[in-house]
Amino acid sequence: MTTDGTAVSTGRGILGYGAYLPYRRLDRKTIAAVAGTGGGKGTRTVASFDEDTTTLGVEAARNTLRATPGVRPRALLFATVAPAYADRTNATAMHAALRLDGSVPAMDATGSVRSAAGLLRLALDGAGAALVVGADIRVGLPGSGDEAAGGDGAAALLVGGPAEGPVLAEYLGGASATAEFVDRWRTPGEVRSKLWEEKFGENNYLAAGRQAWTDALKATGLTADQVDHAVIAGLHGRAVAGLGRRLGVREGVLGDDLAGSVGNTGAAHPGLLLSATLDNAEPGRVLALVVLSDGAEVFLFRTTDALAAYRPTRTVAEQIAGGAPLPYGKYLAWRGLLPVEPPRRPEPARTSSSAAVRSVEWKYGFVGSRDRESGAVHLPPQRVSMTGGNVDDMEPVPTADVLGTVKTFTVDRMAYSPSPPVVFAVVDFDNGGRLPIELTDMDATEVAIGDRVEPTFRRLGTADGIHNYFWKARPVRTARAAEEA
Amino acid sequence: MGSHGIKDRVAIIGMGCTPFVEHWDRGTDDLLIEATTEAFANAGVDKEQVDAYWLGTAQSGMSGLTLAKPLQLQGKPVTRVENMCATGSDALRQAAYAVASGAYDVAMAVGVEKVKDGGFQGLNAFPIPGDGTARTLTAAAMFSMVVPAYGDKYGVSEAEMRDVLSHIAAKNHYNGARNPRAQFRKEIAPEKISAMPKLAGQLGVFDCAGVADGAAAAIVVRAEDAHLYTDKPLYIKALSLVAGNGSGVIDPEYDYTTFREIAACAEDAYRQAGVRNPREELAMAEVHDCFTPTELVLMEDLRFADRGTAWKDVLAGAFDLNGRLPVNPDGGLKSFGHPVGASGLRMMFEAWLQLRDEAPADRRIPADGRKLALTHNLGGYPGDMVSFISILGNELG
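Protein chains in written order, with my numbering: chain A, 1 to 485; chain B, 1001 to 1397.
Keep in mind that the hints were calculated from the coordinates and are not lab data. Treat the hints with caution; some may be incorrect.
DSSO-like, lysine-lysine: derived pairs with alpha carbons at most 27 Å apart [said to hold, decoys possible]:
hint: 1; chain 1: B; residue 1: Lys1198; chain 2: A; residue 2: Lys330
hint: 2; chain 1: B; residue 1: Lys1312; chain 2: B; residue 2: Lys1192
hint: 3; chain 1: A; residue 1: Lys407; chain 2: B; residue 2: Lys1192
What follows is a set of in silico ranges between Cβ atoms, one per label pair, in the way DEER data are often shown [stated by the list, open to error]:
hint: 4; chain 1: A; residue 1: Glu190; chain 2: B; residue 2: Gln1121; range: 31 to 41 Å
hint: 5; chain 1: B; residue 1: Ala1041; chain 2: A; residue 2: Gly432; range: 41 to 51 Å
hint: 6; chain 1: A; residue 1: Arg99; chain 2: B; residue 2: Arg1324; range: 54 to 64 Å
hint: 7; chain 1: A; residue 1: Asp464; chain 2: B; residue 2: Lys1192; range: 42 to 52 Å
hint: 8; chain 1: B; residue 1: Gln1072; chain 2: A; residue 2: Ala349; range: 28 to 38 Å
hint: 9; chain 1: B; residue 1: Arg1222; chain 2: A; residue 2: Arg344; range: 22 to 32 Å
hint: 10; chain 1: B; residue 1: Asn1277; chain 2: A; residue 2: Arg99; range: 55 to 65 Å
It should be emphasised that the depicted structure is a prediction, and the values quoted were computed from it without experimental measurement. Using N, Cα and C, we set each Cβ at its ideal position, and we do this for glycine too.
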């Protein structure tokens, strides 16, 4: 294994960042009582039954794009270990939900955590603004180390140069160390990853990590004690901890790997850790991101004055604090690891692909229409106005970022749902539109008339292998969102 | 332009109605044969003497063949009608207008639904391919949203609302207990209804219509021919249908305490029939009590009570069997059961019995000289529905 670091002076770097952590938390203490083994201390994040890596990625990307309204990405690059679909692109659903222009390429890199580091490197080496999204739902058999150590989440980094927007953290350079050693593997579609003896992987990762670290410092002309913040992402916990002790950075430089509160979010973790670091970093600081996956990737950045003005839509800390517990049994059911009796109702039919294409702006973009004359908002969009009867005299009304208020609601214990009961609310959106919409990320007893809610992109279900993506609404909970509410 | 109606131009001369129950031993064909056989016998005609047929079914069969084959109709026009839960009513509307037009002398409307072959509880719509964004709520959940909205608007407490809804269900069970054709023939105390676990919003199982198989049929002729067939015809005074534009579910002005389609339909029906004061002029009403809050709101939309006061009238017994205006004397959807395509004709069957003094003595409405009955049948949900109203009378003029 020989590597060389690369120093960069393009001025490219991070233009925006955002993370998304799902609402539910699994207390690891609750695992062993059921599984007989496993668990541990702290909590991990759990994607809701109506989330997959595509929807997690959409939420993270929305957080990033809301914080960078002046930049439109010219490429969408999506990395995950757990793609919702095989044999077709998942980033195209994200592309549609984000309402990116058709000329913006969208593509997946799947299979490993390394995919996420690879896409970040491609974006930093490339041209134009690129949105690099990593999302993962980490699973393992009940009682396994992967189950307890894993976490679910997503992060989206907007990469580009000064021509595209203010650079928050300039990329200084980095290094790669690619290595072939089979320490962890899984056949596609399986829940369980298998592991080789731990020390074997640790040795290989430490070697790769140290090599890439040394090369990156050398290439950028930095020394380890000039690094102000360092974070390491990787699925091999001992290797991550071991490399942390060997970086030679000053006391306090190594950042929290979020293992205790979030868990390891796989392909989302590099972006998540970088986001958490940027949330708290001062201008003019050197940041190091190290990714240990089938070798090592090191990225060095220097924060700029622009960072001080950047307001993340939701900070990582805010999202960590904003979760609510989920019983282990429900967790297992949501991940399909504990098959529970489905509602005795007919299963929904599969979504019509041709109908979905016709309504792509509504189904994915959540765009309604407004009668130019009467101002009446139609959700979904209609050609003929419900007031006055104008035909084809409507303008689009994007509603994905519009808050709403619960006018009335019901809890439906009979409707088919992957996780009954269904909570449905009549929501009056602040743009004048109304839609009866399913609520999510809440308990049925929580909802009240007058509650403020916000749209969130979800997977309503799957029939015949076709995922049905659409929008739900969730309570407004974070501080900033509440402020806007 | 105008909705003129066909007051006193068409008469019902014979009706039939099967029991509405879980007919595990009868299929759609059996139900159709039994309801039509009774109607033919009532009218004193045979299938050859009926010139045209309208078959209402929501999802128990496609096309007129669903009726033509089991009845072995030879060379007859048969049209299948579908308008959600108002299907049976609309079949009668088509048949009546065909006779009024002069196109046919004798026409039959039949409604049928075989719901219990699906293997699931409740009613289940067959899926139409779509983009996956349509609401998936049950009807119970959609109508349950009326309860907090009504209570909130008129200052009726949750406990009072519960008493109102339970009174409606208990009243319909009381009436149904006296109806040999009804699905549920048992009185149920309001306290028991109130104590049921909630399925959707504040609604429990006793707030929901029964789900049953059944069929009902009516034969219509020109009014001037009616006495050739029967001494006691029922004259059609009004037939009104309103299909909503669905705006209620997306219009922030809509508050879930009224059904706009029904208020508009009632206005049209009363105008057709020349009814000015429904509370005084109607002897009875059959209304679409798919859920208890539906019946509550209908009392106001049909102008049986002033806005915001129906709940008091319900509690005072105004719509009980011996009340000011008996509503659902046959037990309603609640107790009679709801075979979708048949229910509208079932409502008219009760008017047929009551206005001809043929209802069993223990559920006969007070004989106080009033000669009109109203049937109201809806399909869909609050904000997104079709509404049908008929007004029938046992005298011309």
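Each hint tested on the structure:
1. B/Lys1198 <-> A/Lys330: holds, 22 Å
2. B/Lys1312 <-> B/Lys1192: holds, 21 Å
3. A/Lys407 <-> B/Lys1192: violated, 30 Å
4. A/Glu190 <-> B/Gln1121: 31 to 41 Å: holds, 37 Å
5. B/Ala1041 <-> A/Gly432: 41 to 51 Å: violated, 59 Å
6. A/Arg99 <-> B/Arg1324: 54 to 64 Å: holds, 58 Å
7. A/Asp464 <-> B/Lys1192: 42 to 52 Å: For A/Asp464 and B/Lys1192 the Cβ distance comes to about 43 Å; the hint holds.
8. B/Gln1072 <-> A/Ala349: 28 to 38 Å: 35 Å Cβ-Cβ, so the 28 to 38 Å window holds.
9. B/Arg1222 <-> A/Arg344: 22 to 32 Å: The hint (22 to 32 Å, Cβ to Cβ) is violated, given that B/Arg1222 and A/Arg344 are roughly 50 Å apart.
10. B/Asn1277 <-> A/Arg99: 55 to 65 Å: 56 Å Cβ-Cβ, so the 55 to 65 Å window holds.
Taken one by one, the earlier hints fail for this structure at numbers 3, 5, 9, listed in ascending order.
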